[in-house]
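Q: So you can see what is in the structure, the chains are spelled out below.
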Amino acid sequence: MKLHHLIETQQFDRSSLKQLFDLATSLEGKRERSLEGKILASLFYEPSTRTRFSFESAMLRLGGDVLTMESVRDSSSDKKGETLEDAIKVINHYADAIVLRHSETGSAARAAAVSKVPIINGGDGNLGQHPTQALLDLYTVQRELGRQDDIHIAFVGNLKYYRSARSLSYLLSKYKNIRITFVSVPELQMGDDVKQHLRENNVRFQETDDMQSIIRDVDVLYQTRIAKEWITTGDYESLKGRYVITRPIADSMKKGAIIIHPLPRVDEIAIEVDDSPHAVYFKQVGYGLIVRMAILKTILNGK
Amino acid sequence: MKLHHLIETQQFDRSSLKQLFDLATSLEGKRERSLEGKILASLFYEPSTRTRFSFESAMLRLGGDVLTMESVRDSSSDKKGETLEDAIKVINHYADAIVLRHSETGSAARAAAVSKVPIINGGDGNLGQHPTQALLDLYTVQRELGRQDDIHIAFVGNLKYYRSARSLSYLLSKYKNIRITFVSVPELQMGDDVKQHLRENNVRFQETDDMQSIIRDVDVLYQTRIAKEWITTGDYESLKGRYVITRPIADSMKKGAIIIHPLPRVDEIAIEVDDSPHAVYFKQVGYGLIVRMAILKTILNGK
Amino acid sequence: MKLHHLIETQQFDRSSLKQLFDLATSLEGKRERSLEGKILASLFYEPSTRTRFSFESAMLRLGGDVLTMESVRDSSSDKKGETLEDAIKVINHYADAIVLRHSETGSAARAAAVSKVPIINGGDGNLGQHPTQALLDLYTVQRELGRQDDIHIAFVGNLKYYRSARSLSYLLSKYKNIRITFVSVPELQMGDDVKQHLRENNVRFQETDDMQSIIRDVDVLYQTRIAKEWITTGDYESLKGRYVITRPIADSMKKGAIIIHPLPRVDEIAIEVDDSPHAVYFKQVGYGLIVRMAILKTILNGK
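Protein chains in written order, with the working numbering: chain P, 1 to 303; chain V, 304 to 606; chain F, 607 to 909.
Simulated from the structure, these hints should not be mistaken for laboratory data. Even for Gly, the Cβ is constructed at its ideal location relative to N, Cα and C. Don't take every hint at face value.
Here are some chain F residues pointing at chain V (derived, C-beta under 8 Å) [said to hold, decoys possible]:
#1 Ile645
#2 Glu676
#3 Gly687
#4 Asp692
#5 Glu878
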């Protein structure tokens, strides 16, 4: 499997996903020196401790080194007026790969267009993608359900401004007998581009604003955060209480069904759900680490 | 000696302190690979370059790796509303130990309650503890005076809001013939919880607002910073000039007596004291490094 | 060649420059373990992602480790009122060398005065120096032109507040048959201290506000950024458009002539110049990496 830039989930097919996930599974609990002498630069124009630490921990566990920026927006040449393209061309000399988090949709593709070293999209804009999150979401489904076909998944809450929900929708279209339910209020519905993609790929989906109507049927409940930083309508307070998963709701799910969440969680999942057998969102973090190890090893090693 | 979480100095007894300090002494000037493949995460919700660098340098000198956050408060999922508990559960997947600095008293214990990997309290709240600082303070006393029993120590200045002075008081109660003088204005006196602990352990202590009355008698003068960020009474300017150690004051100390200070220093110790034979506060930093190496090695190695 | 602190370019002579540059060339594309066990601390009181990453990447490529601070001003004991001297004395215990970026002219020399470990000036104040940038600028000239003597170089734009232009002027005085043209508006002219130095060393220089008059004649065009953060006159908008290098201007340069720039670039060089054969400013970044590797290896290895 050859992988250079990782910009969007459409780059993958079933075969490359299988290879990547098999590699991830083989890396569980491992510390290697396979990337010794390689340097990963974390270039975060938006802060994200979680994503940054996940990539950096993955890199260190493979024996590589890390250059890190917590928040470029506040503390860098960005402030001096430099373009993203210039920054990428410069960092090409310092690092063997760059993980980029940026607030503008399309920024990862712009970076890749001028970069000789691999660009990994760590989230680009509120209408863009977050492909590594989607890959780890899908990997979590596979590990927990033992399959990727024949799945009913409900995306709940903030579908419009949630990069990883968008990215995962693209991935799911590669599997058989997938049913998707998008649960949201009208102003936060999934974007038309994703829905169009699903139609073209004959993926069954429906939209509803009623979580209760599907909770007993789903195999995967994908909860999202109503991201305060992206909601500009002033409705944040009312929106955020709309689809809270309480313990009774979790308990009503069918046996073996799972609740996933990219985290951070605010209060859209009640704390008392955490020890439900359906709750796998913290376990998901560990899956994310090995998926990112697999991505880095594939991109930087090439073998 | 077994050590998992390090939350408060009450966890130690004379025997475990001796073991820890012997290990620290054996690590002086050393670079090892004993923690190769281990990862320490620095999770600083309050900025503290000094404490962060001390731990990270200690980790690197033992061959380990580091994930670092300069200031979580400004640049992370904390901003998105995540609880400390969730953050800790996530970082459990990325790191083998977490050093936590947080502005809330009790936060380190809260973190430990949900963490599988060791939590090291790097300072919790202005009424909490800073145990590794107290350990290095005590180690400095031992190295410089050659003993831990039979000591008259004066804590000077900001005793109410000084975590490490609190932590050290707890440690001192384990030794024999300790006399403590708390020197402060009434509004910055040592907390009742600490005084109660001393009474229960039969440690002699007195309180005064007159530093001159005891300066010739003390073996250890523990100077503190009037932390601007914690003084809300508006009296900062008058308080901070109250107990400045000048060169004449230092010169009046008895032979072999030492001045220690957790640093940073603002102007509570005059610059001209720095080359006094009593001044050991910069040397103390070096002792701190090896004490933290000993802590990390004990916690992460288990042998 | 012995090198401890690196504060200003006046420390070098032709022989030590040759040694340093030969070492840089030998390190091109290399990864070594020669600095294994050594720690470099990045102490940035002013943010500069570019300079910080360059040093840290150089250190990692030599097998060393890094302690990093993105912006001390915002997030450290600096805020608590600690002096630079105290901070340096403390970090002496944590690191084997310190690269310091600071907004006050003369700060690097102040740091060196109290530091046992080497201080590398990473830029001190708007009237100070940035010696490693000047070294890499000169190295770029040597690599691209094949010589350092017999050169006509034009410094363009912001000469008053541009540390690296100042530093390079000092270096150039060591070579034969150098001609310098300072191109700027009156309020941004090169400082008298530099001009006095050139006179004393018999370096021919002229000042003009007309870039066109010399563009066909120069071997090296050194473009600068009108640093918004240092222009307090309110004329930023008019100043910044004054000396933009467009593609026609670049095309009018003589064969083999080069355009260099310390970056970041805002719009003082048009994007369409980037693929001109004269444009070497991105290549310059790569030269900078190996020059900094050579500096670190010289300072920390001593052999």
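Q: Decide, hint by hint, whether the structure agrees.
A: Structure-based check of all given hints:
1. Ile645: 6 Å, holds
2. Glu676: Glu676/F check passes; min Cβ-Cβ to chain V is 6 Å, inside 8 Å.
3. Gly687: Interface hint status for Gly687/F: holds (4 Å vs cutoff 8 Å).
4. Asp692: 6 Å, holds
5. Glu878: 36 Å, violated
The structure fails to meet hint 5 from the earlier list, while all remaining hints are met.
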